[in-house]
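Novice: Residue 0 is where the sequence shown starts when you use numbering that gives the first Met the number 0, and the numbers rise one by one after that.
Keep in mind that a hint or two might mislead.
Below 25 Å or equal to it, Euclidean Cα-Cα: the simulated SDA-like pairs (lysine to any residue) are [as the list claims (entries may be wrong)]:
| no. | residue 1 | residue 2 |
| --- | --- | --- |
| 1 | K46 | Q94 |
| 2 | K46 | L77 |
| 3 | K46 | E71 |
| 4 | K46 | V7 |
| 5 | K46 | V30 |
| 6 | K46 | E83 |
| 7 | K46 | A101 |
| 8 | K46 | E35 |
| 9 | K46 | R84 |
| 10 | K46 | G26 |
| 11 | K46 | S9 |
| 12 | K46 | Y85 |
It should be emphasised that the hints constitute simulated quantities derived from the structure, not laboratory data.
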Amino acid sequence: MTDQLSLVFSALADPTRRDIVARLTEGDATVSELAEPYDVSVQAISKHLRVLGDAGLVTRGRQAQTRPVHLEAEVFDLMTAWIERYRRQAEERYQRLDAVLAAMNENDDQSDQGAAS
Numbered sequence: 000m001t002d003q004l005s006l007v008f009s010a011l012a013d014p015t016r017r018d019i020v021a022r023l024t025e026g027d028a029t030v031s032e033l034a035e036p037y038d039v040s041v042q043a044i045s046k047h048l049r050v051l052g053d054a055g056l057v058t059r060g061r062q063a064q065t066r067p068v069h070l071e072a073e074v075f076d077l078m079t080a081w082i083e084r085y086r087r088q089a090e091e092r093y094q095r096l097d098a099v100l101a102a103m104n105e106n107d108d109q110s111d112q113g114a115a116s
């Protein structure tokens with residue numbers, strides 16, 4: 000079984016699905032509204048929404064005769080936590096590298112001063 004994070008990243012690998020998610024950050028929309036900017040059928044957008052739904056990124060509501068699509072922003076917390084963990088690790092590595100480079104520069108400066116004396 001695939002974990003949710005893998006499903007989310009896989010779903011967002013497609014540019015159309017990323018566009019749909021970006022559109023839904025502005026508010027809920029119907030499938031027809033989401034299909035408007037694309038030269039594809041409503042059925043094709045529905046397939047994209049199914050992938051986004053399987054990843055937990057969107058849900059479908061019920062309002063009278065329509066079923067608006069809603070972005071589940073909490074899923075982004077999962078992605079953010081994963082990304083942040085690796086960002087912190089990279090930041091720590093850069094800080095260690097900065098310290099090593101600073102020490103090397105300090106040693107070079109001391110060597111240059113000793114040679115000039």
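Novice: Would you list, in rising numerical order, the hints stated earlier that this structure does not obey?
Specialist: 1, 6, 7, 9 and 12
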